[in-house]
Amino acid sequence: MVEFLVQLKELFIANCKNVEEVISVDGFAEAESLSQILCFPKLEILVLDDLPKLRRFCYGNYFEFPFLIGFRIKKCSALKTFISGFAIENETQIAQRGVEDNSTAVDDSLSLFNEKVAFPSLERLTIIGGGSWRNICHDQFHRDSFCKLNLLWVHDCDRLLYVFPFDMRGRLEKLEEMGISCCDSLEEIFEPQGLNVSELQAVTTNQSVRFVFPNLQILRLSMLPKLKSFCSRIHTAEWPSLKKMCVYGCDKVEIFASENLNFGETSINQQSLFWVNEVTFPNLEELELEWNDTMKEIWHGQLPEKFFCKLKVLKLVFFLEESAALPHCFIQSLPNLEKLVVKCAPFNHIFQCEGHGDEERHGLAMTQLIKLKLVKLPELAHIWKEEFQPRAAFFNLRTLEVQECGKLKNLVPSSVSFANLTTLEVSKCHGLINLISSSTAKSLMQLTKMSVIDCLMIEEIIAAMVMAVALFSPNLSFCN
Numbered sequence: 023m024v025e026f027l028v029q030l031k032e033l034f035i036a037n038c039k040n041v042e043e044v045i046s047v048d049g050f051a052e053a054e055s056l057s058q059i060l061c062f063p064k065l066e067i068l069v070l071d072d073l074p075k076l077r078r079f080c081y082g083n084y085f086e087f088p089f090l091i092g093f094r095i096k097k098c099s100a101l102k103t104f105i106s107g108f109a110i111e112n113e114t115q116i117a118q119r120g121v122e123d124n125s126t127a128v129d130d131s132l133s134l135f136n137e138k139v140a141f142p143s144l145e146r147l148t149i150i151g152g153g154s155w156r157n158i159c160h161d162q163f164h165r166d167s168f169c170k171l172n173l174l175w176v177h178d179c180d181r182l183l184y185v186f187p188f189d190m191r192g193r194l195e196k197l198e199e200m201g202i203s204c205c206d207s208l209e210e211i212f213e214p215q216g217l218n219v220s221e222l223q224a225v226t227t228n229q230s231v232r233f234v235f236p237n238l239q240i241l242r243l244s245m246l247p248k249l250k251s252f253c254s255r256i257h258t259a260e261w262p263s264l265k266k267m268c269v270y271g272c273d274k275v276e277i278f279a280s281e282n283l284n285f286g287e288t289s290i291n292q293q294s295l296f297w298v299n300e301v302t303f304p305n306l307e308e309l310e311l312e313w314n315d316t317m318k319e320i321w322h323g324q325l326p327e328k329f330f331c332k333l334k335v336l337k338l339v340f341f342l343e344e345s346a347a348l349p350h351c352f353i354q355s356l357p358n359l360e361k362l363v364v365k366c367a368p369f370n371h372i373f374q375c376e377g378h379g380d381e382e383r384h385g386l387a388m389t390q391l392i393k394l395k396l397v398k399l400p401e402l403a404h405i406w407k408e409e410f411q412p413r414a415a416f417f418n419l420r421t422l423e424v425q426e427c428g429k430l431k432n433l434v435p436s437s438v439s440f441a442n443l444t445t446l447e448v449s450k451c452h453g454l455i456n457l458i459s460s461s462t463a464k465s466l467m468q469l470t471k472m473s474v475i476d477c478l479m480i481e482e483i484i485a486a487m488v489m490a491v492a493l494f495s496p497n498l499s500f501c502n
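Here the sequence shown stands for residues 23 to 502, where the numbers follow the numbering used here.
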């Protein structure tokens with residue numbers, strides 16, 4: 023029947039609990055026809071959703087989807103490979119022999135996409151809830167496949183070990199967005215196989231392999247508990263267009279390390295996800311990180327300022343290490359930071375200064391900050407301690423949000439001015455007695471929205487003042 027689907031542009035198959043294959047082979051003649059090259063000449067969209075018994079798309083020798091642009095596979099837990107060279111009954115016999123021989127070699131070699139299928143125009147690939155395959159693409163993939171891919175999302179593929187074969191590193195020049203999450207077995211992004219003889223010799227002489235992702239703008243790696251490296255081969259990587267990166271739940275891998283370190287200083291069992299120099303992330307603007315024990319190099323300011331010269335947004339979540347505050351050297355290494363979010367950390371205060379003269383330098387590092395958001399900091403007593411008086415700090419701050427900081431007594435020292443603050447939101451801070459001092463309140467000339475919600479101990483909004491905040495805030499239009 024495939025030969026009659028030449029006009030088909032979209033194919034959606036969803037919620038069919040007993041479907042085992044999309045194209046079934048009945049009889050010798052049809053099986054013989056599927057041994058030839060088959061094509062869906064106009065298919066642009068293919069969706070396979072919630073097919074718990076689907077084991078393959080079809081049995082055949084070679085399938086081509088010349089105009090397929092979007093492909094989504096979701097909740098197909100039994101899927102072994104997209105195009106199989108075995109009939110289903112033969113697959114069952116092979117699996118049974120593997121069990122009898124106590125062997126998993128056949129199963130471990132399976133890829134979702136093997137050499138029997140080609141996607142020369144594919145732009146968007148989404149895979150949610152994987153099957154039994156260990157990698158997405160076979161190392162002998164078709165030469166025209168995936169060269170136009172610009173979006174890849176992989177989620178909840180429990181048995182996935184690698185995302186790409188090593189030889190695919192030159193095929194991803196069009197990739198703009200990549201997200202990989204909740205893949206419990208994933209060890210590396212690129213499979214450490216497929217090197218030719220000269221590359222193998224390069225590895226032995228400590229010469230690195232080069233990865234370049236010229237158009238990738240968004241990268242998200244989350245909840246990958248076994249991820250140990252980007253690629254176990256010695257390598258460098260360049261991300262010239264990357265603007266947003268999110269990495270959390272990757273506890274076994276060092277996130278950043280300076281490329282100036284000798285590669286030999288990093289153990290085989292503890293490699294860096296990103297080797298960083300001044301050209302690695304030249305346009306990175308937004309970074310979201312979860313603390314783990316391997317973050318010490320960036321945390322203690324050992325990565326030079328020029329490495330993250332354009333970073334504007336920083337989100338830090340789930341800190342386990344006992345630390346009183348954000349280290350001053352770390353903040354000073356981000357001169358263009360405009361938005362800072364800190365969530366779930368044991369900090370007593372957010373900003374600190376160390377040494378003579380450091381107070382003003384640290385304050386100047388905060389002058390570019392436009393938004394500050396603090397969430398679920400149970401030990402937070404001060405945002406900035408009273409004894410430090412960096413008058414330039416927060417000069418450009420426009421939004422301040424504080425949520426669930428139970429030990430916070432007041433927002434900032436009386437010396438701090440909020441000359442450009444327009445939005446102030448505070449909620450569930452049950453230790454607050456008063457919100458701000460009278461001297462700070464006098465600076466709120468630009469305030470347009472103030473919200474104070476569910477703060478059980480608060481007695482005064484402005485300490486030791488009975489005058490309404492509206493007197494100092496002529497632009498205030500919303501107050502909760």
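Hints may be right or wrong, so weigh each one.
What the hints assert, rightly or not - The calculated label-pair distances, taken between Cβ atoms and stated as ranges, are: (1) Y84 / R242: 29 to 37 Å; (2) P88 / V44: 12 to 20 Å; (3) E195 / A36: 46 to 54 Å; (4) C331 / E199: 38 to 46 Å; (5) K328 / K395: 22 to 30 Å; (6) D180 / I35: 21 to 29 Å; (7) K328 / D180: 34 to 42 Å.
Said to hold, decoys possible - Simulated crosslink set (DSSO-like; lysine-lysine; CA at most 27 Å straight-line): (8) K138 / K170; (9) K39 / K97; (10) K265 / K395; (11) K250 / K365; (12) K64 / K138.
None of these hints come from the bench; they were simulated from the model. Glycine included, every Cβ here is placed at the ideal spot set by N, Cα and C.
Hints versus structure:
1. Y84 / R242: 29 to 37 Å: holds, 34 Å
2. P88 / V44: 12 to 20 Å: Holds, at about 18 Å.
3. E195 / A36: 46 to 54 Å: violated, 33 Å
4. C331 / E199: 38 to 46 Å: With Cβ atoms ~23 Å apart, the hint is violated.
5. K328 / K395: 22 to 30 Å: holds, 27 Å
6. D180 / I35: 21 to 29 Å: holds, 23 Å
7. K328 / D180: 34 to 42 Å: holds, 40 Å
8. K138 / K170: holds, 19 Å
9. K39 / K97: holds, 11 Å
10. K265 / K395: Holds, at about 21 Å.
11. K250 / K365: Holds, at roughly 25 Å.
12. K64 / K138: Holds - the C-alpha atoms of K138 and K64 are around 19 Å apart, at most 27 Å.
The structure is inconsistent with the numbered hints 3 and 4, although it conforms to all the rest.
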